[in-house]
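K.L.:
Since chain A is already given, all that's left is putting chains B, C, D, E and F on it; use the hints.
Protein chains in written order, with the numbering used here: chain A, 8 to 346; chain B, 8 to 346; chain C, 8 to 346; chain D, 8 to 346; chain E, 8 to 346; chain F, 8 to 346.
Be careful, since some hints might not be right.
All copies of an identical chain are treated as equivalent in the list; a pair is satisfied when it fits inside any one copy or across any two copies.
[As the list claims (entries may be wrong)] Heads up, simulated BS3-like pairs for lysine-lysine below, C-alpha to C-alpha not over 27 Å straight-line:
| no. | residue 1 | residue 2 |
| --- | --- | --- |
| 1 | K23 | K70 |
| 2 | K75 | K103 |
| 3 | K346 | K288 |
| 4 | K103 | K29 |
| 5 | K70 | K179 |
Note that these hints are calculated values from the structure, not bench results.
6 protein chains.
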Amino acid sequence: MIFRRVIAVFLLAMGKFVKNRKVSELREGDGVDDIFFVKFKKGVSSYVGGFSFELTLSDASGKNIDYKYWGGKDEIKVKALYDSIYPDSIVRVQGKISSYKGRFQLSANEPAVVEVLREGQYDDADFVKPAKRDVDTMYVELLRAVASVKHPKLKVLLEGVFNDKELAAKFKKHPGAITIHHNWTGGLLQHTLEVLSYCATSLENFPTLDRDVMYAGALLHDIGKLDELAVTSRIKGTKKGQLTGHLVLGSVFVSNKCDEVGLEETVKDKLLHILVSHHGKPEFGSPKEPMFPEAVVVYYADELSAKVAEVLDFVEDSKLETEDDFMYHKRYAKNILLK
Amino acid sequence: MIFRRVIAVFLLAMGKFVKNRKVSELREGDGVDDIFFVKFKKGVSSYVGGFSFELTLSDASGKNIDYKYWGGKDEIKVKALYDSIYPDSIVRVQGKISSYKGRFQLSANEPAVVEVLREGQYDDADFVKPAKRDVDTMYVELLRAVASVKHPKLKVLLEGVFNDKELAAKFKKHPGAITIHHNWTGGLLQHTLEVLSYCATSLENFPTLDRDVMYAGALLHDIGKLDELAVTSRIKGTKKGQLTGHLVLGSVFVSNKCDEVGLEETVKDKLLHILVSHHGKPEFGSPKEPMFPEAVVVYYADELSAKVAEVLDFVEDSKLETEDDFMYHKRYAKNILLK
Amino acid sequence: MIFRRVIAVFLLAMGKFVKNRKVSELREGDGVDDIFFVKFKKGVSSYVGGFSFELTLSDASGKNIDYKYWGGKDEIKVKALYDSIYPDSIVRVQGKISSYKGRFQLSANEPAVVEVLREGQYDDADFVKPAKRDVDTMYVELLRAVASVKHPKLKVLLEGVFNDKELAAKFKKHPGAITIHHNWTGGLLQHTLEVLSYCATSLENFPTLDRDVMYAGALLHDIGKLDELAVTSRIKGTKKGQLTGHLVLGSVFVSNKCDEVGLEETVKDKLLHILVSHHGKPEFGSPKEPMFPEAVVVYYADELSAKVAEVLDFVEDSKLETEDDFMYHKRYAKNILLK
Amino acid sequence: MIFRRVIAVFLLAMGKFVKNRKVSELREGDGVDDIFFVKFKKGVSSYVGGFSFELTLSDASGKNIDYKYWGGKDEIKVKALYDSIYPDSIVRVQGKISSYKGRFQLSANEPAVVEVLREGQYDDADFVKPAKRDVDTMYVELLRAVASVKHPKLKVLLEGVFNDKELAAKFKKHPGAITIHHNWTGGLLQHTLEVLSYCATSLENFPTLDRDVMYAGALLHDIGKLDELAVTSRIKGTKKGQLTGHLVLGSVFVSNKCDEVGLEETVKDKLLHILVSHHGKPEFGSPKEPMFPEAVVVYYADELSAKVAEVLDFVEDSKLETEDDFMYHKRYAKNILLK
Amino acid sequence: MIFRRVIAVFLLAMGKFVKNRKVSELREGDGVDDIFFVKFKKGVSSYVGGFSFELTLSDASGKNIDYKYWGGKDEIKVKALYDSIYPDSIVRVQGKISSYKGRFQLSANEPAVVEVLREGQYDDADFVKPAKRDVDTMYVELLRAVASVKHPKLKVLLEGVFNDKELAAKFKKHPGAITIHHNWTGGLLQHTLEVLSYCATSLENFPTLDRDVMYAGALLHDIGKLDELAVTSRIKGTKKGQLTGHLVLGSVFVSNKCDEVGLEETVKDKLLHILVSHHGKPEFGSPKEPMFPEAVVVYYADELSAKVAEVLDFVEDSKLETEDDFMYHKRYAKNILLK
Amino acid sequence: MIFRRVIAVFLLAMGKFVKNRKVSELREGDGVDDIFFVKFKKGVSSYVGGFSFELTLSDASGKNIDYKYWGGKDEIKVKALYDSIYPDSIVRVQGKISSYKGRFQLSANEPAVVEVLREGQYDDADFVKPAKRDVDTMYVELLRAVASVKHPKLKVLLEGVFNDKELAAKFKKHPGAITIHHNWTGGLLQHTLEVLSYCATSLENFPTLDRDVMYAGALLHDIGKLDELAVTSRIKGTKKGQLTGHLVLGSVFVSNKCDEVGLEETVKDKLLHILVSHHGKPEFGSPKEPMFPEAVVVYYADELSAKVAEVLDFVEDSKLETEDDFMYHKRYAKNILLK
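If we strip away everything but chain A, and leave its shape as in the complex, we get (with noise of 0.2 Å):
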C-alpha cells in the first residue's frame, strides 16, 4: 500500500491556502494537510492518554468526515483549542486516514496542525458546490428574458431588481437550496432558468398566456432566497428565513419594488400572488393555491425543475455508494431506481 500525502499549498502570491483533496476523494492511510469547515463539534473527552476531542468535517463535496484530535494531558490547553472553533469554521488540520466500523476517520495526534483561518485565508469556492454552468453566461439570458418583457413597468422594476450590482452579484453565486436541489454556486440562478424555459414551451403550447406577468413571476418567484438561505462556509438557514420564510420575505420585497415604479394594482395582485402560490399547495407552504393559468405554470415549472434536479442528484451520489438497484430516498419514502 502507498501512502499519498496530501499537502495544502500555501498559495503566497494570494495569501489563500487552497483545498488539496475533496472529502469524497480520501482513501484509508492517506496522509492529510487540508482545509475543512466544521459542520458539527462533538465535545471533548478524556482518555487514557489525556484529553481528545471530535469534529464533523466536510467541504464543497458535500461528504461528512469524523475527526479525531488525541490531545495530551493539559486539559486547559485541549479545551481552548477545541472552544477556538466555531461550527462553520474553516479550519486547516493535518491527520491521517484510518477506517472504523467501515467508516472513514481523519485522526491526528498532539502537536498536529488544527488550525481556524480567517476570511481571506481560503476561497468560498472550495466550500460550496461549484457552479454547474458558468453564471455569467447564465446572468446574460437571465436579462435577455427581463429585456424580453414588454409590459413597461413590470420591465421596469424587473430592470431595478436585476440590474442592481449588488443584487447580481449576489444572484449569480446564490444557491437554489440548502440541500435539496441546485445547491451549488448559481444554483438559484440556473434554476430560475429552468423554470422559464418551461415558461416559454407552456406559451407555445397556450399562447394565451399573459407572457409578461408569466415571466415577471419566474424571474422574482425566489427573490426571497436571497434572504432565507445564506452562504458562508456552507448553506445555512437564516433565522429570519426559518421564521417567515422565503415567500414572505419576497413579497414584501416585491410588494414594495411595485409600489416604487407604481405597478398597477391588478398586475401586482397577480405578481404577488405567484410568489405566495408558487408552492402549489398549502401543505407545501403556499397560503394560497395557484388561482389563474400563469400562478399553475410557474408552480409545475417550479416542482418539474426542482424535482427531476434532485432525482438525478440523487442517482448520481448513491451509485457511489451502492452497486444495488435501488436506494431508499427517505425524505421521499420511496425506493429510487439507480440503473
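P.N.:
Frame of chain A; chains B, C, D, E and F shown alone:
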C-alpha cells in the same frame, strides 16, 4: 290575519332613508316599503303578462329574501330597470310578502317602486350587523394594551399604527370575517381584544412569556384584514385579499412599520413570525407553524375567540330555524347541539 | 324583439342533417329546428293538457339545455315517443326558447318534430368539441418524435403501434378526457405532443436524461385511454375503463407489445413503470410513484399539460357566465381568477 | 481538575436515603454515591476481566445516564446481582463519571455498592419532577371552583368527587402526562386550574356560556388520568390506560358518579360529551368532536395549557443542550426557536 | 289507465290500521288511503284557494314521498291540523299520486283525511324494514355462542347480559344502524352473528387466537347501539348516542358488568379494548387502534359484515332506480357497479 | 459454563451441508461451524492486528447476527476473501458467540473457515422459513376450490393456470410477502386459502354474492406475487416487482389468460377489477377502490388474513425479546399487547 304595513321613512332632515324592519322579521302578508342591499341578480324572464326579474335581497340581519318584480310588456323598460341595479346596490323596494315552497318571497307588480339609492341616502349600519359592544369603549381598551407595552420601539411602532386617525376609524368599524365569526361592525376590534384577554390569562399561567412580543403580535395579527375585507353595503373579500390573503398583506404592512421605527431584527423576525404562523398549520393557511411559545399562545387564542364566537352564533341562528336538538354544520361536517 | 328562426338543413347530397347553432348560442325567443344529443331522460308526467316529458339536450359546445315536450292526451303515444329515445341518441327537435328561473328552456307542443336520427344522418363532429389544431399535422409531429427514437427495439415497438392504421385513425380523433381537459377531437394527440414538448425542454435542462425511454414513455403514457374512453355522440367512460382504468389497460397493451418485439426486460420494466407511475401519487391513481428521473419528468409534464389546459378552459367558459373577478371551481375547491 | 465527591446520606432518623445531586448536575470526574431509578436494563456481557452489565439510570431531573458495572469472573454472582434489579427499581450506586463519545457515563468496579432500595427507604419526590406551585394552595383554588358551581346536583357530584380524601390525595400529586407536558408532581392539578382560567376568561368574553356545565367539564376532563398514569418511581402508562385511554376511563367514572347523584340526563350527556370530545378531533383520540360551545372552550383551553407548557419546557431544556438558535422538535417535526 | 284504489283497512279485532302498499310501490294515478310516518314537516303556505302545507312521508320501504295538503281559506284550521302533526308521527292520509318534475307526489284536497294515529293503532313493523332472518332463530344461535364460552366469569357475564329478558327483547328487534347497513328489525342481531361467523373462520385459520375473549368481544362490540339508536316509527340517533357514541356507551355498560361479576382486570381490559377499538382507526371513531390479534379480528369482521351488507343493499336499491351500469355512491365518493 | 460445539455436518451422500442450529438458538459461548446467508456486507477495516471485516448473517429463523472476521496483516488476502462474498451468498463459517452491547456477535480469527457455498451444496429450506402447513395438502384444497367453480370458461381459465406444473410447483413454495406476513415457504398458498375461507363464510352470510367471480378473484388476487417476489436464499423484491407491483403484473397475466380462453368481457372486467382493487384504497396501492360486493369481500378477506397473521407473528417474535406488556410496532406506529 292582520297585514302590517312597513313604511320606509325618509328622514328629511338627514336626507336619509332608514331601514324599517329586518329581513328576519318579515312575515307572510306584510306589505313592505323598505331598503335592502342586492346580494345577487338572477336575470330577466318573460311571462304571460310581460317581463319579470328576480333579485336576492338582504340586510344587516344576514338573512336573504327572494324578490320578484312582475313588470309589464315593455321589455326595454323592464331591462333598463334591471340593468340599473348592481350587486351591492342599496335599493328601496315596495312589495308584499308571500310564501313559496315554505320560503318567504317578496313580490311586486309594476309600477311598484324599485329605486337604487345613492351613497348618503342610507346608513351603512343598516347593512352590516351592528357592533355587539361599543366600539369607542373597545378602542380605549385596545389603546390601553398598546400603552402597556414596555419595549420602546415596539411601543412606538404600535402607537404609530393605532393612533393613526384613518386606521383607527377603519379598525373600529371593521368586521373580523365575511361570514364565519365576528362578522359585524367592530368585529375585528372585539376579536382582537378577546385574543388579548387569552394572552393576559396565559401570562398569569406562564409568567416567563415575553409579554411585549406576545401583545404586539396579538394586536397586529389580523391587521391585514383591513385590506383583505372591504365593507360596502356588505362585507366582501377584496381581490388582493383573495389573491394573497391577510397573512401576507399584514406581513408587508408590519415589515415596513418595523423598518420605519428601526426595530431590532430579532424582534421584527418574531413579530412577523406571529403574523405568518397565527393560523397554526399549513392546511389552515399558515406557511410556518408557531415556533416559539408566544406564537403558540396567539394561535390558540385566535382559535378560541373565533371558534367559540362562531359556534355560539350558529346555535343562536339555528334555534330560530328549528326545534330539533341538533343542526348540521356544513363546513364543520358535524352536528351542533342546540339545547 | 325579433325572433330568429334556426333551421336544421338536410344536406341531401350527403344524406345528413347539419347542426345549425350551438346550445351556447341559443337566445330567448329563438325558434329552433336543430339536432342535439340526449344527455339525460327525465321521465313522463301528466299535466292538465295531457302528458309531457323532459330531456336534457347538449352538443359540442358542452352546454346543456332542458327540453320540455308538451304532448296530448294519448298517453300511450307520448310514452312510445319517449321510449324511442335513449341517452346518447341524436335527435332532431323543433321548439322555441323561453327562460325559466333565469335558465333557458327549449319547449315544444305536439305535434312538433322529435325524431331520433340514425348513425350516418349526422356528423359526429357536431357533438364532440372540434380539434383545436389540425389532427393530421399533429400526427405528423408525433410520428417525427417516434422516428427520433434511436433504441432499435423501442423504435420498432413505437412504429408498430403508431403506424397501425386503425390505431392511428382512432388516436387522431380521441379526446384526452371526458370533461376535465383536452376533451375535444384530437385532444389526446394534442396532450401527448404537449407532454413531449416538456420532455424536450427537460432534455435541454438535464442532458443526462435517457431520451429514448422518456420519449417512449411520453408517447405511450395515455395509450390506455383509447380503451378507457368511448366516443359516441359524446365522450363516455367505458365499463372496463371505470373498472380498471387507463393505467392498467395501457400496461397490458404495452406489456404485450414489448413481448412482441422482444424488448429487453430492463427497458420494458422502465416503460411500464412510466405508465404505471404517471399520475405521480397513489391518491391520484398511480400504484407506484415515479422512481427514476425520466418517470418524474413524464409525471410533471402530464400535470403541466393537463392542469394549464383545464384552468385556461375554465377561465374561458366562466367568462361567458359571469362578470365577477372570480369563479368557484368545485373540484379544486378554490376560486379561479378570471381577469 | 477537582473531583467532587457526592455522598448519599442515610438519614437515620427517617430511615431514608436522600438524593444528593441530580443527573443533570453530574460532571466528568465526579465521584458518586447516590440513588437513582432504573429506566432500562441492558444485559450482561463478558469482557476480559469477567462479566459486566449495563443499566440506564434516571431521576426527577428527567435526564438519563448510562451505568456500567464491571464485575469479576464469578458469572453467577454478577448475574444474580443483575437479576435482583428491575425496571423502576430504586438503586443506590457508587461509581465515577467519565465521558464516552461525548456523553457522560457512570461506571463502577466490583465491589462498589449496587443496592436495590425498598419502598420507604427513599422519597418519591426524588424521582418525579417536583411541583411548580404548592399543591395545597392549588387544591384550595380547585375547591373554590367546585364551590362556585350553582347547579345543585352538579355541585353535589363535584363535591363528592373532589372532597373524597383518597382521590384528593392522589389528584394533588398526580402528573398531567408522562413526558409531554405538566409531567411533574401536581401537574394534573396545575393543568386543571389553567384550563379553568381559560374557561373563566371565555365567560367574560362570551357571557351566554353555561358556566356550570363548562366548569364541571373542565374540572373532570382529565379525571381518567388518575387511572391512565401510574406514578411509581417514575410516571408510567398503566395497562388499562394504554388499552382504553383516559377519555373512556374518565367517562366510565363520571357516568357512574352522575347516576349516583341522579343528575338529569341532559346535563349528564353534556358532561360526558365534554370528556369524550376534549381532544377535539378523532385523530387526536376523541371519538366525537366538540358539539356545543362549552365543549369547544374546554377543548381549546386544554390545548392552550398543554401546548404552551410543552413548548416552554422544550425551550428551557434545549437551552441547556445547545447554543443554536433553533432545536428540532421531533414529535412536532419542526424547529423551535430558543432565543 | 286504471286507477287502483288502495285502502287502509282498519282491523277491528286488533284495533289497528295496517299498511297497505309501500311507498316504493305507489304509481302515478293511484288513489291512496294508507298509513305513513312523517319524516319532515315543511311549513304552511298560502295559495289562491287558501292555505296548504307539505310533509315528507315514508315507511319501511325506506323511500320518501312528498305530500301536499291543499286546505281551504280557514287559516286557523289548516294551521291547527298542521300543528297536530310531529316528525315521527304515524298518520293516516287519503290522496292521489301525481308526478311533478319526474318525482311522484301525493296530494289531497280538504276535506281528505289526515289523521295522526296513536301508539297501538298501527304496527311498528310497518315502519321499520322487516327482519331478513327469523329473529328467534338468530337469537338461539347467539345464545349458542354464549354457551360455548369456557372462561367461567366471562360466561357468567355474557349470560347475565343476554339472558336478561328485557335486553333480549330489545336486542332481537334492534337495527344495526340508521341508514347505512343492517338498518332493519333484527339487524343488530344478524350483524352480530355475521361478526361471530368471521371470528369462527379466523379461529380455524389461526388456532392460537383466544376464542373466549374474541367471542365475548364480538358478542358485545355493538351493545352500545341499544342506547345509541332508538326505534320509534323509524330508526333515529338518540341525543346521548350523538353526544357520546356507542363505543363509549357500550364501554360504560360492559365495564359495570365486568365489575358485577368480578372479572379479572386483564380480561376486562381486553374486553373494553375490543369495544373501544372496533372501528379500527381514530378517523372512524375509535380512540384506540386494535392492539392485539383478537381485536384485529373483530375490527375486520365488523367491516366485512357492514360493508358487504351496505354495498349489496346499495346495488339492490339502485337497480330499481336506473338501468345504468353504475350508480354513484355519495358517501363512498365512487361508482358502484350494478350488473 | 459449558461451551456447546455446533458442527456443520457435510452429508456426503447428498453432497450438501445442512444447517445445524438457527440464529435464534445461538447462545453466548457457543462454538459455531454452520451455514448462513449473507444479508449485508459492512466493509473492511484495519485494526492493530491487521485487517478485519464484518458481515450480517441470517437464516430461516429471520433473526440476524453480526459476524466479525479478524484477519491477519495481509490486506490483499483479507480483501480477496471479503470480495468473494456477495449479499445472498450462502456461507459456511466457523467462530464463537460473544455478546457486545447486549447483542450476540459471532467472531472468528484467521484462519477460521469462511467459505462461500455453491448452489446444490445447501438446502433452500434452511434459509426461508418453513411452511406452517403441508404444501401438498394445501394445494389439494386449492384445486378443490378451482373444481367447485361452475362458470365454464372461468373454470377452464383457473384449471389452465393452477394445473400448469411449473406454476403449481412455484405457487406451492412461494411466500406471501418479504417480511410482513406469510413470509414463509407456502405462505402465498396458505394466504390464498385463508382468503377463500373468508369468501366461503361471506357466501353463507350473503347468499346472493356471485360465488364464481368471487372465488376466481380470490384464487388469482395475488398471482402477480410470483413475479414480484423472488426466493433465492432469502425472499427479495424483483426489479419488475418494485417498478410495477403485483397488482399490475397479475393484471397483465390474468388479462392474457382471459383472452386465451375467450372469457366474456363482463366477467373479465370484473376479474381484473378484483385484482386491481384488492388493496382497497389508492393509498395502499390500488388504482381503483372495490366497486362491487365480491370485490369488497376479497379486499377485506385479504386484510383479515394478512393483518391477523402479521400481528400474531409480531406478538410471538416480540415475546422472545421482552417481558414487557407491550412492544412498539414501528410501521403501525402503535403498541401491541403481548400478554
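K.L.:
Between K23 and K70, at a C-alpha cutoff of 27 Å, which is it: within one copy, between copies, both, or neither?
P.N.:
within (23 Å within a copy, 46 Å between copies)
K.L.:
When no copy is specified for K103 and K29, does a C-alpha distance of 27 Å or less occur within a copy, between copies, both, or neither?
P.N.:
So K103 and K29 pass the 27 Å test inside one copy only (14 Å; across, 40 Å).
K.L.:
Within a copy, between copies, both or neither: which one fits K70 and K179 at a CA-CA cutoff of 27 Å?
P.N.:
Close inside one copy (24 Å), not across copies (48 Å); limit 27 Å.
K.L.:
27 Å Cα cut-off: does K75 pair with K103 within a copy, between copies, both or neither?
P.N.:
both (10 Å within a copy, 24 Å between copies)
K.L.:
Is it within a copy, between copies, both, or neither that the alpha carbon of K346 lies no farther than 27 Å from that of K288?
P.N.:
Result: close only across copies, 22 Å inter versus 32 Å intra.
Consistency note: the structure conflicts with none of the earlier hints.
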